[in-house]
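Based on the sequences and whatever the hints tell you, model everything.
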Amino acid sequence: MKAIILCGEGEEGFAPLTLERPLPLLSLFDKPLLAHQAGLLRRHGVREIGVALPRLSRMVEDAMGDGEELGVRFTWLPCRGAGELELLAACAGFLGEEDALVLPGGGLGDLDLSALLAFHQVHRSAATLALAHRPPAAGRALVFSDGEGRVERLLDAPAGRLLASQVETGVCILTAAARAGAAGEGTLAGRLSALLDRGEALYGVVPEGQWRELTGGEAYLDALADALSGELRLRWDVPRTAPGVWSASPLPPSVQVVPPCYIGPGVQVGEGSLLGPHTVLEEGSTVGRRALVQRSALLGAAAEERTTLYGAVLCPGAAA
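Position in the sequence shown (first residue = 1) + 8 = the numbering used here.
Treat the hints with care, since some could be wrong.
Below, in silico cross-link-like pairs of lysine to aspartate or glutamate (DMTMM-like), each with a Cα-Cα straight-line distance of 20 Å or less [unchecked claim]:
1. K10 with E76
2. K39 with E94
3. K10 with E106
Just so you know, these hints were derived from the structure itself, not from any lab.
Quantities reported herein were computed from a predicted structural model and do not represent experimental measurements.
Given below as structure tokens:
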């Protein structure tokens with residue numbers, strides 16, 4: 009099965025991080041978001057990936073290449089609009105008449121996609137939805153289903169409020185018939201509701217694993233914290249040097265590290281600093297003497313001497 013990643017809306021919450029670099033290149037543990045998504049797909053046997061992009065598509069293509077280094081093959085699908093249905097329509101030629109696994113471009117996780125694919129093969133529905141027991145992100149719907157998983161109702165809800173036990177994540181499998189005619193500025197949830205209204209069979213399942221939508225800086229820090237604590241199983245290349253500590257750079261003996269923490273290659277930390285918990289220092293970051301950095305991410309940035317950072321995300325080249 010082919011997969012498509014819809015990289016459209018949601019970048020506003022990341023300004024200024026995404027003013028010059030689009031969301032697919034947002035770094036988590038020294039890897040672009042798109043690389044984490046491709047790795048998840050590859051681990052579940054999906055290697056043909058179409059990436060629909062409304063802006064800066066050449067920058068993403070130049071940074072990620074053809075996907076060979078990640079064990080996948082990217083097909084780049086530029087799109088004029090940023091709506092989910094516009095992005096979906098841009099994938100029509102790439103997908104043909106095949107069923108397609110759909111990932112929202114602003115999310116990442118460790119969902120058991122193999123279980124989702126198997127569930128879809130059993131029920132052969134127009135759409136099979138990956139559900140979660142979490143408050144919905146903006147634009148996602150509450151899902152009411154019967155004991156077999158057949159969806160009976162979709163309901164819009166305020167973001168962050170859990171009014172039912174199941175919400176759709178945006179991860180789904182769509183048949184060619186379910187995608188036919190998708191266009192305009194509508195949402196995927198709206199498309200699913202339209203399919204339900206015309207009597208199409210939709211099924212949903214809660215697979216093992218987690219899915220996080222990165223809607224802004226706070227959600228980004230939450231995802232980093234969940235990954236460091238092991239709740240969200242992401243993969244990175246830095247070795248574990250102590251329980252809850254992954255470090256590719258030597259630290260002065262006077263530096264105190266409170267796990268969990270990630271310290272990438274080429275990081276410099278000054279004497280007497282305190283790092284963590286839930287701190288990510290990506291490649292090339294620097295921390296001055298006696299600085300305190302907690303629940304923060306430095307993406308090749310600098311925390312100066314005696315600086316205190318909590319809940320901060322510093323852009324590449326920034327200093328605080």
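Here's how the hints hold up against the structure:
1. Annotation: proposed proximity of K10 to E76 holds, straight-line Cα distance about 16 Å (limit 20 Å).
2. A threshold of 20 Å between alpha carbons decides the hint, and for K39 with E94 the separation of about 28 Å lies outside it, so the pair is violated.
3. A distance of roughly 8 Å separates the Cα atoms of K10 and E106; the hinted pair therefore holds under the 20 Å criterion.
Checked against the numbered hints above, the structure violates only hint 2.
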